[in-house]
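The task is simple: from the sequences and hints, build the whole structure.
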Amino acid sequence: MSQILTILFGVGILYLALTSRMRTYIQVIALQGFILFLLIARDFGKLDWFTFFFLSFETLAFKTIIVPAVLWRIVERTHVARETDPHIPQFGSVVIGTAVFLAGFAVTDWVSRIDPSVDALPFGIAVSTLIIAFFIILSRKKLITQVMGYMLMQNAVSLLMIAMAVELPLLVNLGVLLDIFTLLFLFLLFLGKLHSTYEETSREKLTSLRDQP
Amino acid sequence: MTARALNVLFLLIIPFLMAGVINRVKALAGGRKGPPLLQPFFDTLKLLRKGAVVSRVTSWVFAVAPALVLAATATALLLAPGVGRVQTIAFDGDIVLCLYLLGLAKFFQLISALDTGSAFEGMGASREALFSVIVEPSLFLFAGTLALVSGTTSFGGLFTLVGSGAWPAVAATTGTLLFFMLMLTEGCRIPVDDPNTHLELTMIHEVMILDNSGPDLAFLQYAAALKMYLFALLIAALVLPVDIAPFQAAVVLPLVALLCALLAGIVESLVARFRISHVPQFLFLTVALALIALAAAVYFRGGAV
Numbered sequence: 001m002s003q004i005l006t007i008l009f010g011v012g013i014l015y016l017a018l019t020s021r022m023r024t025y026i027q028v029i030a031l032q033g034f035i036l037f038l039l040i041a042r043d044f045g046k047l048d049w050f051t052f053f054f055l056s057f058e059t060l061a062f063k064t065i066i067v068p069a070v071l072w073r074i075v076e077r078t079h080v081a082r083e084t085d086p087h088i089p090q091f092g093s094v095v096i097g098t099a100v101f102l103a104g105f106a107v108t109d110w111v112s113r114i115d116p117s118v119d120a121l122p123f124g125i126a127v128s129t130l131i132i133a134f135f136i137i138l139s140r141k142k143l144i145t146q147v148m149g150y151m152l153m154q155n156a157v158s159l160l161m162i163a164m165a166v167e168l169p170l171l172v173n174l175g176v177l178l179d180i181f182t183l184l185f186l187f188l189l190f191l192g193k194l195h196s197t198y199e200e201t202s203r204e205k206l207t208s209l210r211d212q213p
Numbered sequence: 214m215t216a217r218a219l220n221v222l223f224l225l226i227i228p229f230l231m232a233g234v235i236n237r238v239k240a241l242a243g244g245r246k247g248p249p250l251l252q253p254f255f256d257t258l259k260l261l262r263k264g265a266v267v268s269r270v271t272s273w274v275f276a277v278a279p280a281l282v283l284a285a286t287a288t289a290l291l292l293a294p295g296v297g298r299v300q301t302i303a304f305d306g307d308i309v310l311c312l313y314l315l316g317l318a319k320f321f322q323l324i325s326a327l328d329t330g331s332a333f334e335g336m337g338a339s340r341e342a343l344f345s346v347i348v349e350p351s352l353f354l355f356a357g358t359l360a361l362v363s364g365t366t367s368f369g370g371l372f373t374l375v376g377s378g379a380w381p382a383v384a385a386t387t388g389t390l391l392f393f394m395l396m397l398t399e400g401c402r403i404p405v406d407d408p409n410t411h412l413e414l415t416m417i418h419e420v421m422i423l424d425n426s427g428p429d430l431a432f433l434q435y436a437a438a439l440k441m442y443l444f445a446l447l448i449a450a451l452v453l454p455v456d457i458a459p460f461q462a463a464v465v466l467p468l469v470a471l472l473c474a475l476l477a478g479i480v481e482s483l484v485a486r487f488r489i490s491h492v493p494q495f496l497f498l499t500v501a502l503a504l505i506a507l508a509a510a511v512y513f514r515g516g517a518v
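Protein chains in written order, with the numbering used here: chain A, 1 to 213; chain B, 214 to 518.
There's no promise every hint is true.
[Unchecked claim] Below 25 Å or equal to it, Euclidean Cα-Cα: the simulated SDA-like pairs (lysine to any residue) are:
no., chain 1, residue 1, chain 2, residue 2
1, A, Lys-141, B, Lys-239
2, B, Lys-239, A, Arg-21
3, A, Lys-141, B, Ser-490
4, B, Lys-263, A, Lys-141
5, A, Lys-141, B, His-491
6, A, Lys-141, B, Pro-493
In short, the hints are calculated from the structure, not lab data.
Here you go:
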């Protein structure tokens, strides 16, 4: 079951490569958060109760509910419905995403030969998702899409940690949580202010920023 | 013997039920009661009792195409794994014949649309051909991957995913998603096509059959429903346990097909139809899924392929 969930996690980001709708991005981020929660719930009994509670709360409350809800609110507030004119068209993105997946599996094969204890499938999907999320950040123009790409990277890192070891260091968990808090503050302050000045939250509009005479 | 008889019986009933379930789900989602589940069957009976109107510009191609499309699709279904993965007709390489029969049906449907001389039907045929060019490689690629791994070219053995590790899970998941997307595409359903549209410019499959009427139209509509059932059968062959008892399979198989129809109805209720220019992008995802399955077969089986 966990393998099926892991593949769905990967297919989600492949679907994002071809879509342009912001709400689809948010739905996939929430779905990935929920999949991470289910993968952690699978390890009930293997983790100590504090780590289990902490990771479950982090994935279910933050990654599945709160962050997507905030993103949804921002999308509604800024009236950014879709990424209309990306640097690389959606079709090219799917082709590149597929190539990244194939390369990710090849890397996994290599890693699992070096260290057989690595769970090959989550590792391969996590590496592929990480690179595709990075590609989404580079290829999209809207700020909100780029931040969503960052969230996807966070999800990929979480999956990678699940693949690497069952027992996660507490410091890493706190780091992930800190990222989420920072992200929320950035969203609420930065995007809110930006929207009051510019109608479009496109990265290209920032080039017109200059000091007041 | 019983399994083969059940395969034929299901072939006559379940495609209509699947179409009925989709219509009912869409109606319920829209706040309506909806038509009876067997309404597509009653519509087909009504069309079979009617006469056909044939344009004078058409040739013999238009006359034979509907019967040929139905015959080819029904024969392809007899080759597919049915109850307990038992095929009604089975031999080595039957999957190749099955895929070519589907190709033959598609070819005759396209030239039948072109035979009418209508610009609209030509447009629909062009779109259908484009989508087939994208979809069929994914089907061949996925089937080829399964053939390489299983070492057989017969449908029955091809879809028997055994062993442990990541490969069976990857194949089952990517295959299920792939066949579900193909079911929506070949069954002319939203988000690829809209069977209820009345705007010729947005039509794909429906515009190709605008000139067909009476029994010819019934044949083509039944053939479209049969294709949906074919992909539901392939999904069932992937997800059902290998050691399922025959009587359990006889009960579970129709349920899986109706579950696929239920999901298709939910998709149609929640998702808007894609713009024509976006459909190839969506369909390329099927190729991506087939490639992922191939990569998993190569890497997660330790280079066994």
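Tested hints:
For a cut-off of 25 Å, the pair hint linking Lys-141 of chain A to Lys-239 of chain B is broken: about 37 Å separates their Cα positions. Restraint check: the Cα-Cα separation between Lys-239 of chain B and Arg-21 of chain A comes to about 23 Å, which is no more than 25 Å; the hinted pair holds. The suggested pairing of Lys-141 of chain A with Ser-490 of chain B holds, with an alpha-carbon distance near 21 Å, which does not exceed 25 Å. At most 25 Å may separate the alpha-carbon atoms for a hinted pair to count; Lys-263 of chain B and Lys-141 of chain A exceed this at roughly 57 Å.
Distance hint between Lys-141 of chain A and His-491 of chain B is fulfilled; the C-alpha atoms sit about 20 Å from each other, no more than 25 Å. For the hint linking Lys-141 of chain A to Pro-493 of chain B, the alpha-carbon distance of about 23 Å falls within 25 Å, and the restraint holds.
In summary, the structure is inconsistent with hints 1, 4 from the numbered list given earlier, while agreeing with the others.
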